[in-house]
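Taken in sequence, the protein lines are chains A and B. The first sequence lines up with residues 157 to 979 when you count with the working numbering. The second sequence lines up with residues 627 to 788 when you count with the working numbering.
Don't take each hint at face value.
[Stated by the list, open to error] Below 25 Å or equal to it, Euclidean Cα-Cα: the simulated DSS-like pairs (lysine-lysine) are: (1) B:Lys731 / A:Lys754; (2) B:Lys643 / A:Lys448; (3) A:Lys421 / B:Lys643; (4) A:Lys209 / A:Lys247; (5) A:Lys448 / B:Lys731; (6) B:Lys731 / A:Lys713; (7) B:Lys678 / A:Lys473; (8) B:Lys636 / A:Lys473; (9) A:Lys247 / A:Lys277; (10) B:Lys647 / A:Lys473; (11) A:Lys247 / B:Lys763; (12) B:Lys647 / A:Lys421; (13) B:Lys771 / A:Lys492; (14) A:Lys757 / A:Lys705; (15) B:Lys771 / A:Lys757; (16) A:Lys473 / B:Lys643; (17) A:Lys487 / A:Lys448; (18) A:Lys257 / A:Lys247; (19) A:Lys257 / A:Lys205; (20) A:Lys713 / B:Lys771; (21) B:Lys771 / A:Lys754.
[To be verified] Sample of chain A residues facing chain B (criterion: CB under 7 Å; computed from the structure): (22) Thr190; (23) Ala194; (24) Glu522; (25) Gly540.
Honestly, the hints are just simulated from the structure, not real lab data. Don't be surprised by glycine CBs; every beta carbon is placed ideally from N, CA and C.
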Amino acid sequence: MRKLNSPSDLEKLRNEIIARRDPRRPVISVCISTGCQALGAQEVLAALKREIKRHGLEGKVDIRCTGCLGLCECGPRIVIYPHEIFYYRVKPSDAPLVIFKTLLRNEIVPHLMYKDPATGKTAKDLSEMPFYRYQTRLLLEANAKIDPTSIEDYIALGGYSALVKALFHMTPMQVIEEIEKSNLRGRGGGGFPTGRKWRSARLAHGEPKYVIVNCDEGDPGVFANRALMEGNPHSILEGLIIGAYAVGASEGFVYVREEYPLAVKHMQIAIEQAEKYGLLGENILGSGFSFKVEIHRGAGAFVSGESTALMSAIEGKVGEPRPKYVHTVEKGLWGKPTVLNNVETWAFIPLIINNGAEWFRSIGTEGSKGTKIFTLAGKVNNTGLIEVPMGITLRDIIFKIGGGIKGKKRFKAVQVGGPSGGVIPEKYLDTPVDFDELTKLGAMMGSGGIIVMDSDTCMVDVARYFINFLCGESCGKCVPCREGLKQASKILDEIVAGRGKPEHIKTLLELSETMRDASLCALGQTAANPLLTTLRYFEDEYLAHIFDKRCPALACKELLTFYIDPERCSGCHQCHRVCPEQAIEGEQNQIHVIIQSKCTKCGQCYDACPPEYGAVQKISGEAPPPVVPQEYRWLKQPWQTAEVTSTTRAGVIANADMAVKIIQKALRPVLVLGNNVTEFEWDGKKLVDYVVEFARGTGIPVIATSNVAAELLKRGYKPVAVMSLMELGSRLVDREWEGLDGKGAYDMVIFIGIPYGMAYEIMSALKSFAQNLITINLDNVYNPQAKWSLPNVSVKEWVNCIMGINSKLKEIGQNVNVQRHTC
Amino acid sequence: MVPEGELMAKIDSIIDKYVGKRGVLIQLLLEIQRELNWIPREAMKRINERLKIPQSEIYRVASFYTAMSLEPRGKYLVRVCTGTACYVRGGQRILTAAERAIGVKAGETTKDLKFTLQSVNCLGCCALGPVVEINGKYYGLLTPKSLENIISNLGGKGHEEA
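Take these sequences, add in the hints, and give me the full structure.
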């Protein structure tokens, strides 16, 4: 690695890198951003490497770890070049297929392709995916092509050429003018024109001057800055150096929040590499301009993202905001002129310098130019990071890119701009998204969080969530914010708990006004936005909570009641298993009942209840229906709960005469044959041969279990049914079962050839739960669980007895079954 | 527990790196936090002696930031995201499940110093909500059940090591 001393050195290096690279060489790029890692990207990476080794492809295939491409929910994602094949939801176990089929044989692995959940169609490339089709990816595009830890990847894509253009072909003032002309507005939330900020800092008195990258992306629900810094740190760094040159700063800071360790790591590597190449440090590329950068890690405080607070934090003080009578561009860090811009703003600088202000101005709306990265999250089908031109409508974002609402729920509202933003209802969905239009609706661009809410989201609860969040994050320096949020939070807690009073709404409005007018920094000034917008668009929900003690969205725990609809409960017991409080009564096959006094309303039973039953119900503002009394809760008699002890035991069938007398009484008997009839032999014949004769002779219909049916068919006898003993048992205990012919319940079951243990269990269950059924055991081992049973007899006696019954019945001339049972 | 002499030597070696620089307090405290997993009183005293920063100011910073802890933290730092996106997808229930599985409330540490449970505002994995991070490893698209499994695999409740 050599130090670059002039622009031509950089060009030479770029050409070398490009020349070294064979465009036909296969490259597997794996997204290792935090999102994909959470879904196991590291394991996929390891598996791919193992497979490459196994096929001896080391050195013939490149593996590139890249940053976020946006569609996080479908991660881990890999791309295979040169054919640009995108695979989603890759598991480590897919690695052999990927290497063998796609890499070696150029075939596609269909199940890893992206399938549009709406149409079910497979998408071959990004343009066929609705998620990407409507985006304009100026900043995020490079993420797929760059290994963030490799400066060479960035240089190969033309990186640092904007720096050369600025340093060698433009004066600092020209850079500022170009940025001013582009009308780039700060992406951090406020939308202050970047060029104007730079000009003020350039003209301000005081040395040294500082430039700062703000990556304290504290807004919950937003990760655009993280993705950019993790995925393409050099673009931010290049922008920062150009900015430093423009305003005349010699030192810069990158402030990264503590929760983003990977972003810190990649930025650190980027700074070291840039220093080694002479793109950072003393006399950059021989231009005479010197600039150094330091990373400063945040320590977990939302308010530190505010510019003055962030500067205090860099100074090593508590990150609290200070009044801005004097702007930070004049007196910022250590009282010196300072330019602080958001990650996204800095990343735009190289693009604008390279392509010109006119190009940038051609994208977007009148007041807001360029594209904006949004984090699309919440209840939409496609969640992730999107980059869209300013002026796109919220409807397009949610329904075209986001693929609509998850499940079959209805859209209710969208929260734009993080905690300081506002909630926008359906009727304003066609508003173009830009700085000014959003502010008109009471929301703001903020950090670009778009959180979609469906009919299950309670707007009062959402307001409470944001107010609670801000209350916890308020630094406490100024009274309106500290106390206003505290009181607002208390009132909202009361409302969602069903203790709201009519005067609460007025108090909330007053508090909002005071916070907006009298707070020190933007946190307090905008804190009321979620409150005001929900009050403006969803006042009816507040009123329902206060007057009816009802949560229309069925979300506020304290106002909910869960109960199980006895008509729908299948007794599957799932809810009982998940209930953490043992608040659900019931056994398998029983209607389950929630004991309201124990229920903590955690909703786990609601989720656990299989959708085909949907028995667990959520209601609000009304009492649950009365519960089914204990004795009516059995759904099916649980024959599986066999081995029910009882005081009776089977009567002994002493001889064939006695058996005949018992069988004669039956109106609808059935004969069940088990596996043992094919096991025992007597007199050169199998037991089954005798039994077939018995069946033919008596005319009793036969249900064959196990593999008996085949043996019967061989002997030309057709059983009426084949089923397992288990299944038969559960049908026999079902009082509504009308028999196999549908003509009425059986009143007698005769078992022959059932293995003892099975017979014991099944008859014990039938004895307890099918009490009208007479069970007869004609096996040669006494079974106490039957109603009547043969005693322990030898096989000879056994066969004789069966044949005896047969001939006796013939003698009497009574075919037990013929009149009553036809199949 | 680390013997006191060793502890002080460690603290000193960390402070050494920051002597003579300006605006280092937060970074210094963060490094102590990373190394020792908490910020002991002795460390704050030592910083005061060597860097001449008032103890009140050190305490103010150390108590302001959520990344710094004035009590020893557990071996596993379980951070449950309750950011907006996770919240609308049931992050609160994950937190309740974590509290139950670990046996302490959010913000507390188990007696055996095995787990510390925290709720954080956003881990930046909003598309995968609800998300939990445990010692730098992220777990996405969680359910209360799957979280309980993760905790019990780490030796949570009922499996506590003697």
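Verification of the supplied hints:
Under the criterion of a C-alpha separation no larger than 25 Å, the hint pairing lysine 731 of chain B with lysine 754 of chain A is consistent with the structure, at around 20 Å. Taking the CA atoms of lysine 643 of chain B and lysine 448 of chain A, the gap is about 19 Å. The hint holds against a cut of 25 Å. This hinted pair checks out: lysine 421 of chain A and lysine 643 of chain B have alpha carbons roughly 20 Å apart, not beyond 25 Å. As the CA atoms of lysine 209 of chain A and lysine 247 of chain A are separated by approximately 18 Å, the hinted pair is consistent with the 25 Å bound.
Restraint check: the Cα-Cα separation between lysine 448 of chain A and lysine 731 of chain B comes to about 44 Å, which exceeds 25 Å; the hinted pair is violated. In summary, the hint linking lysine 731 of chain B to lysine 713 of chain A is supported, as the alpha carbons are separated by about 19 Å, within the 25 Å threshold. With a C-alpha separation of about 14 Å, the suggested pair lysine 678 of chain B and lysine 473 of chain A falls inside the 25 Å cut-off, and the hint holds. For a cut-off of 25 Å, the pair hint linking lysine 636 of chain B to lysine 473 of chain A stands: about 24 Å separates their Cα positions.
Only pairs whose Cα atoms come within 25 Å are accepted, and lysine 247 of chain A paired with lysine 277 of chain A is accepted, the gap being roughly 21 Å. At most 25 Å may separate the alpha-carbon atoms for a hinted pair to count; lysine 647 of chain B and lysine 473 of chain A meet this at roughly 14 Å. Of the supplied pair hints, the one linking lysine 247 of chain A and lysine 763 of chain B holds, its CA atoms being roughly 17 Å apart against a limit of 25 Å. Only pairs whose Cα atoms come within 25 Å are accepted, and lysine 647 of chain B paired with lysine 421 of chain A is accepted, the gap being roughly 22 Å.
Our distance criterion of 25 Å between C-alpha atoms is broken by lysine 771 of chain B and lysine 492 of chain A, whose separation comes to about 53 Å. For the given pair, lysine 757 of chain A sits about 16 Å from lysine 705 of chain A by alpha-carbon distance, which is consistent with the 25 Å threshold. Under the criterion of a C-alpha separation no larger than 25 Å, the hint pairing lysine 771 of chain B with lysine 757 of chain A is consistent with the structure, at around 17 Å. Between lysine 473 of chain A and lysine 643 of chain B the CA atoms are separated by roughly 18 Å; this keeps the pair inside 25 Å, and the hint holds.
Simply put, lysine 487 of chain A and lysine 448 of chain A have alpha-carbon atoms about 20 Å apart, close enough for the 25 Å limit, and the pair holds. With a CA separation close to 15 Å, the supplied pair lysine 257 of chain A and lysine 247 of chain A stays within the 25 Å bound. A C-alpha spacing of about 15 Å is found between lysine 257 of chain A and lysine 205 of chain A, which places the hinted pair at or below 25 Å, so the restraint holds. Our distance criterion of 25 Å between C-alpha atoms is met by lysine 713 of chain A and lysine 771 of chain B, whose separation comes to about 20 Å.
For a cut-off of 25 Å, the pair hint linking lysine 771 of chain B to lysine 754 of chain A stands: about 21 Å separates their Cα positions. Given the 7 Å rule on beta carbons, the hint for threonine 190 of chain A holds: about 6 Å separates it from the nearest Cβ of chain B. Proximity of alanine 194 of chain A to chain B holds as hinted, the smallest CB-CB distance being about 3 Å (cut-off 7 Å). Because the beta carbon of glutamate 522 of chain A sits about 30 Å from the nearest beta carbon in chain B, more than 7 Å, this interface hint is broken.
The beta carbon of glycine 540 of chain A is positioned within 7 Å of a beta carbon in chain B (closest approach about 5 Å), and the interface hint is therefore held.
Hints 5, 13, 24 from the list above are not met by this structure, while the remaining hints are.
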